[in-house]
Amino acid sequence: MSTRIFGSGIKRREDPRLITGEARYTDDIKLPGVLHMAVVRSPYAHANIVSIDSSAAEAMDGVVAVYTSEDIGDGLAGLPTAWLIPDSDLKTPEHPALAKGKARYVGDGVAIVLADDRYRAQDAADAVVVDYEELPAVIDPEEAAGEGAPLVHDDVEGNIAFRWVMGDREASDAVFDAADVVVSERILQQRLLPTAMEPRSAMAQYNPATQELTLWCTSQNPHIHRFIISAVTGLNENKVRVIAPEVGGGFGSKIPCYPDEALVSWASIKLGVPVKWTETRSENYLITIHGRDHVQHVEMAAGNDGTLLGVRATVYAGMGGYLSTAAPGIPTILHGLLYVGPYTMGSVFCESIGVMTNGTPTDAYRGAGRPEATFLLERMVDNVAREIGMDPVEVRRKNLIPAFEDGYEVATTLIYDSGDYPAAFEKALDMAGYGDFRRQQKSAETQGRYLGIGVTAYTEMCGLGPSQVAGAVGFQGGLWESATVRVTPTGKVQALIGASPHGQGSETTLAQIIAEELGFPVDDIEVIHGDTTETPMGWGTYGSRTTPVTGAALAQASRKLKEKARVLAAHLMEANVDDIEYADGSFSVKGSPDQAQSIQDVALMAHLAWNMPEGMDPGFEESQFYDPPNFVYPFGTHIAIVEVDAETGVIDLQRYIAVDDCGPQINPEIVAGQIHGGVVQGAAQALCEGAIYSDDGQLLTGSMMDYCMPKADMFPNFELGETVTPSPHHPVGVKGVGETGTIASTPTVYNAVLDALAPLGVTQIDMPLTSAKVWSAIQDANGGGS
Amino acid sequence: MWPNKFDYVRAGSVDEALSSITDDGKFLAGGHSLLPVMKLRLDAPEQLVDIGRIPELQGISANGGLTIGAGATHDAIATSADVQAMCGALASACGQVGDQGVRNFGTIGGNIAHADPASDPPTVLVACGATVNIQGADGSRSVGAQDFFVDLFETDLKDGELITSVSLPNCSDCQCAYVKFPHPASRYAIVGVAVCLKMDGGACAQADVAVGGATVKAVKCAGAEAALAGTTLDDAALNAAAEAIKSDISDWLAGDIAYPESYRQQMAGVFLKRAVAAAQG
Ligand SMILES: Cc1cc2nc3c(=O)[nH]c(=O)nc-3n(C[C@H](O)[C@H](O)[C@H](O)COP(=O)(O)OP(=O)(O)OC[C@H]3O[C@@H](n4cnc5c(N)ncnc54)[C@H](O)[C@@H]3O)c2cc1C
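Residue numbers (numbering that gives the first Met the number 0), protein chains in the order written: chain A, 0 to 785; chain B, 0 to 280.
For the record, the hints were derived by calculation from the structure and aren't laboratory data.
One thing to keep in mind: the hints can contain errors.
Over 10 Å on every C-beta distance to chain A, these chain B residues come out as not near it, computed from the model [stated by the list, open to error]:
1. Pro2
2. Asp14
3. Leu34
4. Ser60
5. Ala75
6. Asp81
7. Gly94
8. Gln174
9. Asp250
10. Ala257
11. Pro259
12. Met266
Lysine-lysine pairs mimicking DSBU-like chemistry, simulated, CA-CA at most 35 Å apart [unchecked claim]:
13. A:Lys101 <-> B:Lys25
14. B:Lys38 <-> A:Lys269
15. A:Lys397 <-> A:Lys29
16. A:Lys29 <-> B:Lys157
No residue lacks a Cβ here, since even glycine has one placed at the ideal position from N, Cα and C.
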């Protein structure tokens with residue numbers, strides 16, 4: 000019959016509502032009597048709050064109340080840090096919803112104003128007079144960890160929130176001491192602003208009669224938000240309902256529970272009316288988490304023959320003014336464990352130091368720790384190649400882990416699930432025409448044109464993850480997912496999931512999984528998510544985990560239903576269960592194909608329950624909790640070709656080839672979309688994005704006038720390829736693909752540019768590679784001439 | 000995103016606009032510079048007098064030279080056959096402003112009154128010797144573009160004065176071009192160079208050159224002009240002009256955190272050469 004639904008590139012069912020503007024986001028939801036909250040925010044990166052005078056603001060038209068942290072008192076507990084990495088001497092300084100006595104970054108909340116109108120709330124916020132005593136600020140994480148740096152929290156000595164060590168220092172030293180070559184580089188992983196298209200928003204409605212709180216908010220994980228809001232407000236968790244309506248992207252920035260969400264909840268409880276807050280884009284840049292912010296000192300050891308022997312790094316990871324929800328896990332567990340990448344390299348060592356600074360708090364941003372690891376690894380492989388005079392492709396080819404189908408343990412102790420790195424590598428090189436390119440590059444150079452190529456082989460861990468591992472590494476939650484497949488009497492499917500997709504197209508792909516398993520037409524399947532009262536518990540959408548984990552739960556729930564259907568169908572056709580054959584949503588008896596029961600027939604009978612087999616309960620619904628036995632490890636090879644205009648330093652990204660393996664692709668169009676978006680986001684880190692602070696901690700890239708978001712015309716048409724290596728432990732073999740593009744593309748583009756600049760003697764430029772920096776580097780390498 | 004409170008008046012004529020404006024009021028044209036700063040609360044006029052629908056401010060007419068109404072949008076200018084024929088560089092500059100939405104709303108009057116140093120049209124107006132026509136409560140006056148732009152966001156315009164139009168000489172017998180090096184974030188100009196060359200056979204009889212983006216205002220570049228004039232625009236002349244332009248703008252340099260003054264100054268030389276090539280191409 001028709002082509003398989005699994006693997007077909009059907010259109011995203013989310014798109015009509017998204018592209019016609021009909022989607023309903025948090026800010027679109029209007030409640031009568033709502034009060035608008037505006038937050039008075041510290042204009043200083045570090046300042047004592049001497050006094051707050053809100054009398055003028057309180058007297059203004061429409062203003063209902065102005066509150067400070069003193070007014071809140073113990074009405075709200077501090078926001079918790081929920082990733083308590085063990086053996087790291089972790090300090091978790093208090094994170095009050097409003098600053099108590101001291102502001103620790105520009106944008107730190109100092110007071111809130113509640114008014115009947117958003118404009119009036121803002122007018123009144125401007126009228127709150129705060130007397131600050133400015134203190135010296137520190138932004139650079141390495142500087143903040145140094146002698147004499149201003150102390151961000153009195154109880155975090157030396158600003159060091161944690162010191163996490165992976166590997167054996169002496170064993171690593173021995174490898175480095177004995178190696179033919181050691182290359183080193185100081186790598187800056189600049190701060191990035193996640194910039195989801197929809198800024199954050201939260202609206203709380205407390206019902207004093209039922210003592211129930213409903214919180215609509217921009218969340219990637221409403222069940223985690225419920226958990227934390229319940230903890231900070233003291234309400235029972237079953238009295239808190241969190242709804243993530245349409246959420247316009249997150250990239251990690253909508254994982255954390257922020258002060259603003261706690262504040263609208265508290266204010267609604269206090270006043271008994273709904274309270275709403277929506278950030279402006281300027282606020283978004285100041286207060287929504289930032290990503291990356293590492294200063295890394297990296298070394299790699301290798302043999303003269305190109306054998307990679309070991310990597311080691313000291314990482315200063317900027318945490319900002321407070322430790323955000325998952326922050327400590329990002330530059331540690333999600334970072335160090337990726338240090339061998341796809342290579343056979345036997346020695347890894349990482350010391351990651353989490354440092355409090357006066358910047359905006361950082362947390363998970365697309366890739367979260369893994370891009371920072373993949374970048375340093377791939378950068379150092381190119382450095383090794385240069386040092387020993389070998390082609391960087393040869394070095395990679397020589398060290399790739401050979402194909403394996405079920406488990407490969409690497410030096411970081413991870414057990415990769417499956418991979419065929421050489422296959423993806425060679426495919427990408429073929430697509431790029433590597434040999435030809437090297438010839439073209441040579442001849443172009445004779446005409447004063449500078450072409451470059453960057454090749455990244457990568458693997459990454461995603462589909463987070465086994466809960467036992469989560470517990471062992473201090474994550475304060477599980478990492479399983481649950482799902483219910485509910486079939487109505489007329490044979491239409493509602494799939495309820497605990498995860499909370501927000502742009503990934505999961506409503507489409509997850510429906511395809513169910514359609515494949517049960518034979519319902521895909522258009523008869525709805526995927527419902529985002530409301531803690533409607534959906535079963537789940538830990539959320541991040542870490543490329545929704546397809547691997549929720550998808551597995553749905554596949555297994557579907558399989559349970561199919562088993563029930565098979566038994567019921569056999570009963571209805573008065574046949575032996577063993578004689579039942581299934582194809583395309585229809586059950587028939589072996590040898591008599593004219594008699595059949597469709598899945599819809601069976602679903603109806605299960606609801607009517609007029610004629611059930613002995614011992615079978617009525618209804619057609621199954622639930623499944625799924626805890627993955629391992630992470631999944633997608634992999635691939637990306638290649639970029641660039642030309643640098645030496646006169647201006649402008650980079651032209653001419654070709655981008657991406658061969659990715661995420662196991663069988665449920666929907667190739669959606670996979671391609673994830674890779675396109677990911678590549679753009681990662682390439683933008685190499686080329687143009689970067690938050691810049693002044694020395695006194697003012698964010699200088701506070702709007703898109705200065706913070707350079709990537710634009711479509713900066714990119715060529717991407718050339719995508721694939722290999723298919725199923726995950727051995729996943730029910731449908733799939734791996735995550737939400738972050739691979741971001742993880743692979745930054746080093747790919749960076750290395751391509753540095754390859755182009757090699758003939759000019761340029762060996763290092765801090766990201767982003769703006770034309771001004773590239774041009775200056777060329778001038779410096781040429782001895783300052785212009 | 001939440002501007003302060005303001006009063007709003009829509010004027011039907013220039014006279015009505017001039018009589019309506021108060022001390023703390025501002026004219027509102029396309030709103031594409033004024034509203035963003037109001038939304039950020041960087042400016043808080045108490046009154047807006049909307050001049051967007053005043054018929055006298057609309058239109059582009061060709062009559063020996065060009066007269067462009069202050070209310071002409073960037074798009075109208077970029078796509079006008081008269082402008083393309085008489086001052087291709089201005090059509091090109093207006094066609095490179097922002098994106099199509101910005102060009103549909105933003106006006107030349109608003110653009111030059113705002114006097115953002117990274118704007119595109121002012122550079123061409125200064126290079127091509129445009130005149131800004133102004134009307135105030137006390138009557139009308141005209142100012143050369145070079146004198147109109149005073150400094151960063153500062154013009155010769157007095158409080159309550161309205162730009163009614165901009166006039167330009169007919170440059171159809173010149174080779175002119177505007178070349179822009181856009182800022183990757185904002186797409187405003189890191190550097191914009193306008194050249195207008197009068198050619199006599201193979202030689203350049205007269206060169207007019209202006210730079211924007213790299214400078215606090217559009218700057219006319221006499222040194223570069225002298226280096227080009229009287230030459231065949233050969234490499235030696237171009238190199239000399241590229242050097243000279245750096246001194247021409249050295250007192251007026253502007254920059255930002257990512258693209259500092261020193262870089263923009265160098266790029267003015269590079270883009271001068273590219274502008275001359277574009278004018279000749
Ligand atoms: C996203 C974006 C991108 C942009 N990119 C570019 C770019 O690449 N290059 C570029 O050059 N510009 C760019 N601009 C600015 C654009 O050109 C603006 O339209 C222009 O600067 C202002 O014109 P307006 O009609 O919108 O003026 P308004 O915003 O209405 O007014 C601007 C100022 O001029 C005053 N004013 C307006 N008309 C008159 C008049 N007739 N007489 C006296 N005063 C007057 C107003 O009172 C106000 O102070 C961009 C703008 C945006 C929003």
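Comparing the hints with the structure gives:
no., hint, result
1, Pro2, "violated (8 Å)"
2, Asp14, "holds (33 Å)"
3, Leu34, "holds (14 Å)"
4, Ser60, "holds (35 Å)"
5, Ala75, "holds (24 Å)"
6, Asp81, "holds (30 Å)"
7, Gly94, "holds (15 Å)"
8, Gln174, "holds (22 Å)"
9, Asp250, "holds (20 Å)"
10, Ala257, "violated (5 Å)"
11, Pro259, "violated (7 Å)"
12, Met266, "violated (6 Å)"
13, A:Lys101 <-> B:Lys25, "violated (40 Å)"
14, B:Lys38 <-> A:Lys269, "holds (31 Å)"
15, A:Lys397 <-> A:Lys29, "violated (60 Å)"
16, A:Lys29 <-> B:Lys157, "violated (45 Å)"
In the structure shown, a violation is registered for the earlier hints numbered 1, 10, 11, 12, 13, 15 and 16, in ascending order.
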